[in-house]
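Peer 1: As a plain string of letters, each chain reads:
2 protein chains.
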Amino acid sequence: MKAPTGNPDRGPAPFTERAFLSGLRRAAPSAPKNPSLILGPGDDAALWRPRAGFEAALSCDLLAEGVHFDLRWTDAWSLGAKAAAVNLSDLAAMGAQPSAFLVSVALPRRAGLGEPWLKAFHAGLRAYMGAFGASPAGGDLSASRSGVFIDVTVLGEVERGRALRRSAARVGDAVFVSGPLGRSAAGLRVLESRPLARRLGARLAEALAQSHRLPVPQVLAGRWLLQERLARACVDLSDGLASEAWHIARESGVALEIDEAAVPLGPGVADAAAALGKAPHDFAYFGGEDYQLLFTVPERRQAQVLARMEHYAGCRPARIGTVRAGRGVRVRAGGRLRSLEDGGHDHFR
Amino acid sequence: MKAPTGNPDRGPAPFTERAFLSGLRRAAPSAPKNPSLILGPGDDAALWRPRAGFEAALSCDLLAEGVHFDLRWTDAWSLGAKAAAVNLSDLAAMGAQPSAFLVSVALPRRAGLGEPWLKAFHAGLRAYMGAFGASPAGGDLSASRSGVFIDVTVLGEVERGRALRRSAARVGDAVFVSGPLGRSAAGLRVLESRPLARRLGARLAEALAQSHRLPVPQVLAGRWLLQERLARACVDLSDGLASEAWHIARESGVALEIDEAAVPLGPGVADAAAALGKAPHDFAYFGGEDYQLLFTVPERRQAQVLARMEHYAGCRPARIGTVRAGRGVRVRAGGRLRSLEDGGHDHFR
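Residue numbers (our numbering), protein chains in the order written: chain Z, 1 to 349; chain Y, 1001 to 1349.
No wet-lab data here; the hints were simulated from the structure.
Cβ coordinates follow ideal geometry from the N, Cα and C atoms, glycine included.
Certain hints may be false.
To be verified - So these bits of chain Y aren't anywhere near chain Z, every CB distance computed over 12 Å:
(1) Arg1170
(2) Ser1193
(3) Leu1204
(4) Glu1260
Claimed, not checked - Facing chain Y, a subset of chain Z residues (Cβ under 10 Å, in silico):
(5) Leu58
(6) Ala100
(7) Gly147
(8) Ala163
As the list claims (entries may be wrong) - The calculated label-pair distances, taken between Cβ atoms and stated as ranges, are:
(9) Z/Arg51 / Y/Gly1112: 46 to 56 Å
(10) Z/Gln227 / Y/Arg1110: 42 to 52 Å
(11) Y/Pro1035 / Z/His311: 36 to 46 Å
Next comes chain Z alone, as it looks inside the complex:
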């Protein structure tokens, strides 16, 4: 439904959908040609087909103002980049190669949300999508009577029948994360609390905030794990480690046992935790939005992950536990084994 893009109370909107789509096409004119995208935005639908031997991986993520982002501390470029990153991360979790995306945006009439804002949003979205190989296939622009809403759908290509599933973990597998955790949650706390930012110092505070604003989707890691046939189950850490580990445990019908001392925390997370009087690992378990991968690997192949993944996928994997018979998620810390609750952000707050 293309019309009306204007708020009926206040006359036509400053952009038309046509301008929105051509802005999207223009935002990265130097991107290489995408052979799977036969027809880009502009007609009633785009046309796309996977390369021979591949199938499509499809995912969508909605970002709502005041729930997922706050425009007081998120600029338009970073918001576009983040909208791309959270979607690309879902493809990474399947081991898929990003190929195309569609984006819908609802924008209220409000100072600061004019054409320059939308241009910067497009540029951030295209920069991240383009960096990982995804081209624009379509979009929709609407007025909003209230907040900003952004919904992105991504398409990736994955070798037929070989996508990394949550349900494929087996008893005895080694459990890995693709990199350090907790920085995004610490960064969110810094953005929400000036006193915390002051206590940590401007440079660390900004570095943590940046981890929250601009997560890096682990597309290379997912592709490498699939192509080397190393990962059994895989999921991305959009929520905290706790709830994502529960996903694998539940869908695979196994238990995950995590060794707390082996869970890598990002630089500065311990400082933020100390300043807030919180347990540092809770940032990893319940904080969310780290967008690293959580995956299981046959025990006999773990050496390969440790020896080569950094070299080929540019990330620093850590073995954090083992798949056991049973169900649920347990953490071993200080000689004791305790159950880890299946909770995300809400639990942390």
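Starting from the known structure of chain Z, fit chain Y onto it as the hints suggest.
Peer 2: Chain Y in isolation, oriented as in the chain Z frame:
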């Protein structure tokens, strides 16, 4: 980004995303198996591939409360159905067969928007999508600090290289619409104005309102036109006839000449126009949301459309004009030829 679905100010939301997705899967358990959808919702991404010889048609449409719908006169089931219909209509315009969809919903905490509302929304969405062959492939659920937002992405399958494009009209083609126009715009007026509804009488008012609430996407018509190799250019009438005719004229580099007397108006449109003191054809030209197809056909094949389309595609096509050399859209009425403005809803209001 799956968390948080709760409004942080008011505790956790009544639904989780998991419940949202399983509700979506359950909403039409009797739907036939879809061979192109290899993995439905529940993992980080769905897996899909077109049948051999086909490619994917992709489109998304965003509906925002207070802009595209008003919950005072739109129940949840109808809103789900309409969200499906507007997206299916984009596939119809390409001649594609619907196959899968993803849906993102942002819901505020508000009386009446609880689990029963969401169930009814799902049921309406699934009923329409299912009726035209599309299965759920994914979705996202978010809290909203303000209004209801719905974004749907659809995937269809279309024979490789044969999708119906806006840019394919040729000079001399006959211009057709797949059915009568103007009822949706008249229905919207009825919903907005009780005095108008009273003047038209309850039965006609309700029939017009229903045309606005539950448009029927012309999927069969699009498929038939493609398979019979009849249509050159095609577009769906999501906006009014004026702006959609301009799309074809612009993208094909031609002019469209429309014979006003041949433009079919839906039953009751003339009555609504008379009651409002408006020109009846303005409902067709600028009203929008009729979701019929506008298409061009080689002159020598128009008899085939007129003789068979109703039988095979269940619609009542009308020839409304001719493609001419030049540019723009012209209307012939009362012996005079005038230019038709490239305007949609805003113009009509």
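Peer 1: Would you mind marking each hint as holding or not holding in the structure?
Peer 2: So, going through the hints one by one against the coordinates:
With a minimum CB-CB distance of about 17 Å to chain Z, Y/Arg1170 clears the 12 Å threshold, and the non-interface call stands. The Cβ of Y/Ser1193 lies farther than 12 Å from every Cβ of chain Z, with a closest approach of about 14 Å, so its non-interface assignment holds. The beta carbon of Y/Leu1204 sits about 25 Å from the closest Cβ of chain Z, which is more than 12 Å, so the claim that it is off the interface holds. Remark: the non-interface label on Y/Glu1260 is consistent with the geometry, its nearest Cβ contact in chain Z lying 22 Å away (cut-off 12 Å).
Residue-level restraint check for Z/Leu58 holds (minimum Cβ-Cβ distance to chain Y is 5 Å; threshold 10 Å). With a least beta-carbon distance of about 7 Å to chain Y, the hint placing Z/Ala100 at the interface is held under the 10 Å criterion. Nearest Cβ of chain Y to the Cβ of Z/Gly147: about 5 Å, under the 10 Å cut. The hint holds. Of the supplied interface hints, the one on Z/Ala163 holds, with its beta-carbon coming within about 6 Å of a beta-carbon of chain Y, less than 10 Å.
The given range of 46 to 56 Å is respected by Z/Arg51 and Y/Gly1112, whose C-beta atoms sit roughly 47 Å from each other. Under the hint 42 to 52 Å, the C-beta atoms of Z/Gln227 and Y/Arg1110, about 48 Å apart, fit the expected range. The given range of 36 to 46 Å is respected by Y/Pro1035 and Z/His311, whose C-beta atoms sit roughly 40 Å from each other.
In this structure, none of the earlier numbered hints is contradicted; all agree with it.
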